[in-house]
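Same order as they appear, the protein sequences are chains Z and Y.
When we follow this note's numbering, the leftmost residue of the first sequence carries the number 1, and every step to the right adds one.
When we follow this note's numbering, the leftmost residue of the second sequence carries the number 319, and every step to the right adds one.
No lab work stands behind these hints: they were computed from the structure.
Cβ atoms here follow ideal geometry from the backbone N, Cα and C, with glycine treated the same way.
Worth double-checking, as some hints may not be accurate.
No more than 30 Å apart at the CA atoms, straight line, and that leaves these computed lysine-lysine pairs for BS3-like [said to hold, decoys possible]:
1. Y:K673 x Z:K96
2. Y:K587 x Y:K568
3. Y:K806 x Y:K783
4. Y:K763 x Y:K806
5. Z:K176 x Y:K791
6. Y:K806 x Z:K176
7. Y:K673 x Y:K783
8. Z:K176 x Y:K783
9. Y:K795 x Y:K763
10. Z:K176 x Y:K795
11. Y:K806 x Y:K791
12. Y:K763 x Z:K176
13. Y:K721 x Y:K732
14. Y:K783 x Y:K795
15. Y:K568 x Y:K477
16. Y:K763 x Y:K791
17. Y:K783 x Y:K763
18. Y:K673 x Y:K806
19. Z:K176 x Y:K587
20. Y:K795 x Y:K806
21. Y:K563 x Y:K477
Here are a few chain Y residues that sit away from chain Z, every Cβ distance over 12 Å (derived from the structure) [to be verified]:
22. A452
23. S512
24. L517
25. A547
26. F604
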Amino acid sequence: MLMGQEEAGLGVLTAGQELYAPGPGWLRLVGRFIRRKPLGAFGIGVVLVMSLAAGAAPWLSRYDAEERFLTANPAYAPGTFEPEQKQDARAGPSLKHWFGTDQGGRDNYARLVWGARRSLGVALGALLFAILFGTSIGIVSGYYRGWLDMILQRLMDSIQAFPAMLILLLLVALTKSSLVTLSMGLGFVALASVQRIIRSAVLTAREEPHVEAARAIGCSAPRLMCVHILPNVAAPIIVVFSIGLGSIILADAALAFLGLAPIEPPSWGMMLNEGRGYMNSQPSTMLAAGLAITLTVLGFNLAGDALRDFLDPRIRLQ
Amino acid sequence: MGEQDYWQRFWKRRLSRRRVLRGALWGGAGLAAAAVVGCSGGNESTSGTPTASPGASPTARTPLASATAGTPSPVGSRGGTLHLMGVEAFPSDTLDPHQTLFGPAYSAHSAVFSKVLRYESIEDGLIVPDLAIAMPEMPDELTYIVRLRPGVRFQQPSKALGGSPSAEEQAIGGRELTAEDVKYSFERQANENSPARALFVRAYQFGVIESMRVVDPLTLEIRTKRPIAPFLHFLANTNAFVVAKEVVDKSDQMNRPAAMIGTGPFIWKEQIALQVMRMVRNPDWFGWDEPELDRPYIDGYESLFIYDDASIEAAFRTKKLDSAFQVSNGQWVIDLRQQEPDLISADSGFSAYVKTNFVVDQAPYSDFNLRKAIHLATDRRQIVDTLWQGYGRPQGPVSWLLKRWALPEEELLKLPGYRVGTQERQEDEQEARRLYEAAGSPDLKITFGDQPGYVPAFAPQYKRKLEEVLGAKVEYKVWPYATINAEKARGTVPFTWEYDNGWIELDDWVYPYFHSQSSANVSHVSDPQLDSLLDAQRAAFDFEERQQLGYEIQRYLLENVLAQLDYASYYMLWMAWPYYKNFRPASFFGNSFHLANAWLDRSNPVWGSRA
Numbered sequence: 001m002l003m004g005q006e007e008a009g010l011g012v013l014t015a016g017q018e019l020y021a022p023g024p025g026w027l028r029l030v031g032r033f034i035r036r037k038p039l040g041a042f043g044i045g046v047v048l049v050m051s052l053a054a055g056a057a058p059w060l061s062r063y064d065a066e067e068r069f070l071t072a073n074p075a076y077a078p079g080t081f082e083p084e085q086k087q088d089a090r091a092g093p094s095l096k097h098w099f100g101t102d103q104g105g106r107d108n109y110a111r112l113v114w115g116a117r118r119s120l121g122v123a124l125g126a127l128l129f130a131i132l133f134g135t136s137i138g139i140v141s142g143y144y145r146g147w148l149d150m151i152l153q154r155l156m157d158s159i160q161a162f163p164a165m166l167i168l169l170l171l172v173a174l175t176k177s178s179l180v181t182l183s184m185g186l187g188f189v190a191l192a193s194v195q196r197i198i199r200s201a202v203l204t205a206r207e208e209p210h211v212e213a214a215r216a217i218g219c220s221a222p223r224l225m226c227v228h229i230l231p232n233v234a235a236p237i238i239v240v241f242s243i244g245l246g247s248i249i250l251a252d253a254a255l256a257f258l259g260l261a262p263i264e265p266p267s268w269g270m271m272l273n274e275g276r277g278y279m280n281s282q283p284s285t286m287l288a289a290g291l292a293i294t295l296t297v298l299g300f301n302l303a304g305d306a307l308r309d310f311l312d313p314r315i316r317l318q
Numbered sequence: 319m320g321e322q323d324y325w326q327r328f329w330k331r332r333l334s335r336r337r338v339l340r341g342a343l344w345g346g347a348g349l350a351a352a353a354v355v356g357c358s359g360g361n362e363s364t365s366g367t368p369t370a371s372p373g374a375s376p377t378a379r380t381p382l383a384s385a386t387a388g389t390p391s392p393v394g395s396r397g398g399t400l401h402l403m404g405v406e407a408f409p410s411d412t413l414d415p416h417q418t419l420f421g422p423a424y425s426a427h428s429a430v431f432s433k434v435l436r437y438e439s440i441e442d443g444l445i446v447p448d449l450a451i452a453m454p455e456m457p458d459e460l461t462y463i464v465r466l467r468p469g470v471r472f473q474q475p476s477k478a479l480g481g482s483p484s485a486e487e488q489a490i491g492g493r494e495l496t497a498e499d500v501k502y503s504f505e506r507q508a509n510e511n512s513p514a515r516a517l518f519v520r521a522y523q524f525g526v527i528e529s530m531r532v533v534d535p536l537t538l539e540i541r542t543k544r545p546i547a548p549f550l551h552f553l554a555n556t557n558a559f560v561v562a563k564e565v566v567d568k569s570d571q572m573n574r575p576a577a578m579i580g581t582g583p584f585i586w587k588e589q590i591a592l593q594v595m596r597m598v599r600n601p602d603w604f605g606w607d608e609p610e611l612d613r614p615y616i617d618g619y620e621s622l623f624i625y626d627d628a629s630i631e632a633a634f635r636t637k638k639l640d641s642a643f644q645v646s647n648g649q650w651v652i653d654l655r656q657q658e659p660d661l662i663s664a665d666s667g668f669s670a671y672v673k674t675n676f677v678v679d680q681a682p683y684s685d686f687n688l689r690k691a692i693h694l695a696t697d698r699r700q701i702v703d704t705l706w707q708g709y710g711r712p713q714g715p716v717s718w719l720l721k722r723w724a725l726p727e728e729e730l731l732k733l734p735g736y737r738v739g740t741q742e743r744q745e746d747e748q749e750a751r752r753l754y755e756a757a758g759s760p761d762l763k764i765t766f767g768d769q770p771g772y773v774p775a776f777a778p779q780y781k782r783k784l785e786e787v788l789g790a791k792v793e794y795k796v797w798p799y800a801t802i803n804a805e806k807a808r809g810t811v812p813f814t815w816e817y818d819n820g821w822i823e824l825d826d827w828v829y830p831y832f833h834s835q836s837s838a839n840v841s842h843v844s845d846p847q848l849d850s851l852l853d854a855q856r857a858a859f860d861f862e863e864r865q866q867l868g869y870e871i872q873r874y875l876l877e878n879v880l881a882q883l884d885y886a887s888y889y890m891l892w893m894a895w896p897y898y899k900n901f902r903p904a905s906f907f908g909n910s911f912h913l914a915n916a917w918l919d920r921s922n923p924v925w926g927s928r929a
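For reference, chain Y alone in the conformation it holds in the complex (with noise of 0.2 Å):
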């Protein structure tokens, strides 16, 4: 049962007599006492117990999309600027698309840019083709030969925002994507001599092809250096764009809006820091399986930068949103579905999640008992409560929306560390305090991030869950988000605890952060067991005996590792107004051609009033 609007039961109940005699008798009450005893609503009060069990697997409420283009928009509904809530206006590092691990901008440059692959449900692990006319062919398990669409243009955006072309249009001239490009855009990121190489996220990944051959102008032929069980995830992954060549500087780089041409479903209007990025139709779009749909149905989308669980509603409210979710108080959610039942709701997990990451080769965290009496005198369970008010999963070390790869959390949850049975805390709590003074009771000093802004405030929570349990002397700063990740890099901060995306297939989840000769292995783990486990899967083309192989990685991982201690993950409270057709929740970043999909039904009654 939903917990009751205060203001609402103060109405109702104000005016009743024996309400008003009692008052009266207690009117000289003094004007400050009252007003904040009177919050408690006697024994109505709830202590904030959200509608939904944060405990139960988020379901969807109303019926979704389909996996493919939903209900086809009627042409008189063609047109119109969706407006969603969004962090692609927060001005990330870069705006390459081959160099950011920034959500929020890969978001941005998945609605620009296209991939031979794309990722229909990540969830279910779905990949179909998005720049190939079919699925690779696989005549042996190194060689996948990529056939691409015809006639597939890259974007013009004079054309649709009007003004002159920029030197980047001009340069491309709207031509035909061809082999050559997907090309350039796997070599680019595997170059080992690029004066930008160490910008380049997913070198790991494009690094496995030993050759690339271009058969004809749509045909690819791509060589492994052995077999890669995740491969078709790497064409389809968050930083598999195709680019042109033409828009990349001398030094590697396309850092500018106007290099930001490529041939998806919208084309890049502008970004205005830290308050909207516009995105406008592409009426070129080569629109997959269906061009005869003439998608995208709407004339763009603009995703506003509003961040704060206040602010989304009342953008909300007054349809200057067109679908929001919670940030961190899902309350206001919970309310506004009882009051507006014609919405269309669906909780959703998300990707994202809070972990801390350990330099392993540095005193004291190169001690395994420290690391392990932090795992274990960290509560999960307060982590959901504080940060999400309840609406989050433990998260292992993939997360548990990747049903096929997650440990089971049935087992995760017997783990010591995911246990939250009282008495299992506390012998989770003894054996912590036990192996911390086994690592010689060292003072700890931790580096917060410090977006979202939940990060931080649970800092001085943290301090004191450490100190209670540990008996530590616990120091903590708070730092930007990209420090973090610069310093990380650098090894200066060997105690973080901070907000990461989220990845989208196993290899993801684990190859990069944990191989010891991966480069984006911050922890700097150095362990041979866990490397020929990290192969192994790369290597297991048959699902079952990969997923097995996640499993023991995991467990693996959790016994003897723990470099990364994963906390939890939120889900999110999705609404969006009835007229909002084809509405899809995203659990995860780097999705918006999904929006090519998405209509507005001006029929429907709730569109006259909005803004």
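Chain Z extracted, bound-state conformation (with noise of 0.2 Å):
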């Protein structure tokens, strides 16, 4: 038995040694994450420089998302349309320009860096929209199925028939676009799926023991649902937020690509759209958009799934 415990990396008590031994430093779980999880650490990594991007947009930027550049002119010719300088459209990368220039001018990495706060603040803001309501109603309707629950369930597979383009483009044109209700717009679309995910935890978790031992001392359900379930679903929930990021970013990439939202910040869709007309001739702009909305639906998908079977006691002991 102590052999067992051993091998199994338990240790073992004596006489004087606390119950609650301290775990290790963070240092070394980061770097057991890593040695474990290399793809999600991977995942986590883009997530951090993308966070640090839109965190320290005006600061990492270079130059600001609307600045036009110009260069010499080779048509120059006096007292004509064509003055000494004319705009820097389509360039290629170089120093200056790191990821080259659009087509009005502007230097790409600044959108693409201006780009990312636009991007994953959309995406946390409809998140959290999708979080706190999905969560509230998964919650309420987990724990008191029944009625209640074939009510909430059958609405929000009301919402789930629709495809989510279809609502996202009625919300935009019901509402003045703006990015509080393009989030709130994307947030209403994952609400559903987002409650679905915590209600199937919830209806496991209600039945836990100590789920059960506190209704038995006369714990009132808004308290049982508030400090004994909703812990108990704190992993799906982290998870589904990593996770639903990505698919969000993605959506608002597909909306601005259609011009359906905002113009300003600039958006990673939108270049996408603005770069292809010149995917022949000067792709760096279609590319470098292209590339950032990809690494980074990879990187919160990849640092989703790494959450999740770290959160999984279950998936973690196998």
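Taking the hints as your guide, dock the two standalone chains into a single complex.
Put into structure tokens, the structure is as follows:
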């Protein structure tokens, strides 16, 4: 038995030793995470880089997103419509413009960095909306079950029955286009699937012995839901958050690509759309925006997968 | 020299030995970085310089069809449906041909309805008879005697489309067009007692008619209240269509497809919103002066609603479109012209333009200093470069396409606000700042139109420009095109930035928008001196005198009014497959009747692969 515990790395308590030995330091934890989940670590790295770009956009972007650059005009002719300098449009990557310039003579790198702020901001707003309402609905629905559950779930079914893009197009058409309404629209679309995941976790958690015990000693339903069930569904919420972020970034990019999202701040989807027309002659705008979208969505998905494994004790022990 | 295709360069270079070795050395570079940095094309990058200098005057590359019928179609090459690119399928506010100023709408009308006169060449001001058998006789400066062609019949769509005739068609019964129809069509637009009075957009033109008398079924005598030099233009203008009163309902409207029955070369088949407009050949069309040609040569045409460059390119390459032009990015046209030297190519200016309207009796835009500050701060070269990648021209109060009337470009480019030299721009921007401060440095709120997409896309850059030059706090919003027009009439959007069709004669450009008595004066301009100039140009029958008055009006607008800031218009890089005969680039909306001359040459080798 003793040998078995040592092999399992659980240690053996001796006299005077504290019952709860301090866990590994956070650096060691990070190291272990990287070793066990290299793809997840890569994903988290990407997420951190993008978050840094979003948070520190004014300092990292080098230029304003709308700053227009000029270059010497070879067709210059005094007194005509050909000035000495013309717009430095669609320039290739250089030391001055790391990812080149777009058709408006604006720096692609600066627009990417400002675009990170917009994409992450919209996605965070949307997910907060979806998680706040989705968790509330999921907990109430899963806890009470019965007719309330049935009504709420059919309502959610009806939301999911509509194609997400159709709902978004409708919302965009009916509301004033702004980042707030865009976030809420994206959050609304994500709401149904978020609450469904939370509800299924609640259905399991409400049958746990500690919840039964709390109920037996007379805890009220709100207390049971908030204090005893909610912490037990925190892991799926975190996973939903990390994986959902990627999908929402994609949806925002799709709306911007279609010209249905607010114009400012710059969006990766919009850059992709604008760069598409010059794919043959100068693909840097399109590639830069496409790579940013791909990397970010991939990063969030990998991070989400790894976190799910890491936070689920059943999978972690396998 | 044209910009080389990036991928062509890439593939040409990729297999050289040195390149392979160098590639191996740098092979450790990350995929993402390689992909992005590789886009530079090294030193070969040309930053997108277009092949044709945007500053050059647009010139036709291939001789185009002559002003009349062009090359007649051989009998064996008749038929087929022409596939064009256009926005006729965009659902406009109304289908009534007398109530719309929406270019794509009256382009469709121009295929279905006829006018007394028509423009053969708008650029040259060449007006020729359409329903009239000859140009109207003018016994004096007030009287016009219009003689109509005999045997012109209203269309019978059911004959061409099959099915049972509509109530409207039955009501007309394919009868002959008479002088009563012409009289009715003009009276309808000028009728002050009409329940739809506010909707007749050219009422101010037909309001100059004092009386009309039907001399006989084919002769109409029109008398104007005073001498009106552009009156023949009014008879050929965009809304001068002759309609049958049987299709007009009790509310004085004909806003329904079944009412689209005219005497033009094509019959309205269907309009599927945002997809396609379909027209079919009118077998009974009168054929202008050459009925023996039995035009239209084609069975019909389809105007496909495709409005982004990538889709247009794909559709043209696969011959789902027989002709095409760029929307914003001309590079693909340049590339395709190089790849397909047999294409018919023509660079033509386009009357549509971008502009700002102020409501000049509303603060803060009632201050001329502020309007002038915005005029000077706006960089027209930036607009052309950003919206159309250099393919455009600066726009004065009259389109540069109307060379007879527009202020000469040499003069325009010397004026503050239009000058593009670095030193001159600095001077203009400094003056703009000074004027803005003199106007009290108010906050600016701009309403941008949402169509075409490049207009709202430019909003952030324009905002930044005004903030940079004026030091102003600028806000903007984007509104639907139709909403802006409605709100402009109500005066609720005092500073707009939008796209407009452009017009076809001096009077169209200046009189309706700046005369204090005009219902289209949405800027609420009220300037007696300007009114007298506008009235004077209407009274001047001598071309040179009227031209000088036109110049004077434009100078006056730029120096003293600035209620509308005209920025720039673009030119289109047209292409057509060589089997498309009598191809004619459209520089203006409303000339689809020219398609009566188009035909498809099936003997052309390129025809075989047409979809």
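What are the numbers of the hints the structure violates, in ascending order?
-> As far as the earlier hints go, 1, 19 are violated by this structure, in ascending order.
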